[in-house]
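Engineer: Residue strings, one per chain:
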Amino acid sequence: MAEVDYKALKNGGFMRQRQKNRFSLRLKTVGGNLTVDQLLTIAEVSRKYGDGHVHLTSRQGVEIPFVKLDDVEPVKAELKAGGVDTGVCGPRVRTVTACQGSAVCPSGCIDTYSLATEISNRYFGHQLPHKFKFGITGCMNNCLKAEENDLGIKGGYTVKWDQKACTLCGVCLKACRDGALTQKDGKIVLDESRCTNCGRCVKACPFGAWKGKPGYIVSFGGMFGNRIALGRRILPIITDRKTLFRVADAAVAFFEKHAKPSERFRSAIERVGWDKFRAAIEEAYRG
Amino acid sequence: MGDFQVDGTVDITDVVCPVTFVKAKVALEELKDGQVLSIRMNDGEPVQNVPRSIKDEGHQILKLADNGDGTYTLLVRKVGE
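Protein sequences appear in the order of chains P and E. Residue 287 is where the first sequence ends in my numbering, and the numbering goes up by one at each step. Residue 81 is where the second sequence ends in my numbering, and the numbering goes up by one at each step.
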């Protein structure tokens, strides 16, 4: 029997189990969504080639454990025929995670799923010095824990008050948790230095007097494994995807250029210096 | 409270989230469309969240007033299906 290239298998999403000749097959997901047809395909493959169960991973992925090495090719083919792709492991861009966002959730400020799809199409599987995780959360509630990711994106609003629509009902003054709003001489005054772009004034206003422009709050260098560090915010809220992708490209390029093999993004930034990283990101932001 | 005729009142200062909203919702159900409910609630989480939840249910919020005793009064006009 030819020597098994475990590394190649791992890159293709086959994780070696402690049981001899058994692999847990990682599948591709985007933003935590799967169609019922994909689920049925996964169920059939697990029943036929696995042991009839699947594992939900910590990052919205699905794995089919107990797949035999000899079955790798038919398993891949049957999954493919059912619209399911295999995932990735190793030093590359991993599953792009997302909450349900504004398409489903009343709290959502941005359409997380379409953004996750765009990011996944652009970067998923791209080889890098170490793993690289994108995570997208729709609002300040942060259900998807943006700052745990190498690059985290959080939805927010840039808000504007419309005096004509306002009845001074007082709801926004209390909905704001940051003390950014006060009422003075028949006007609502926004203290921009206190505003966190959470958009709660927009969501709470009964009269549509607060308008919110969706935007992306980006954090860099988060990790939550052996070492725990929260991603840091460098830029103001970004209001268009073109700028967002320029910034994301710059972050990935910085990682590619500066990191040593097997060095995480955060460690590379720290070794090279936050100042240098900040300069590269700000340059991309300005365009 | 100002220019609005109040048709019913409910006090939700004796319950906590999420029962605050539920109690307000039940009180609204007892009114007819177009009638106004006065809801007394605590400062903090209730006043941050209950007005938005009632808005999301489709009712019309009229006014939020600070009672000066750590409670607020919210006036809501019932909007039917």
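Hints listed in this document are in silico derivations from the structure and should not be mistaken for laboratory results. Hints may be right or wrong, so weigh each one.
Claimed, not checked - Straight-line alpha carbon distances no greater than 20 Å define the calculated EDC-like cross-link-like pairs of lysine to aspartate or glutamate that follow: (1) E:LYS63 <-> P:ASP185; (2) P:LYS276 <-> E:ASP66; (3) P:LYS187 <-> E:ASP11; (4) E:LYS63 <-> P:ASP162; (5) E:LYS55 <-> P:ASP162; (6) P:LYS211 <-> E:GLU45; (7) E:LYS32 <-> E:ASP11; (8) P:LYS20 <-> E:ASP43; (9) P:LYS203 <-> E:ASP11.
Since this is a predicted model, take the numbers as computed values, not measurements.
Engineer: Going through the earlier hints one by one, which of them does the structure break, listed in rising order?
Structural biologist: 2, 3, 6, 8, 9
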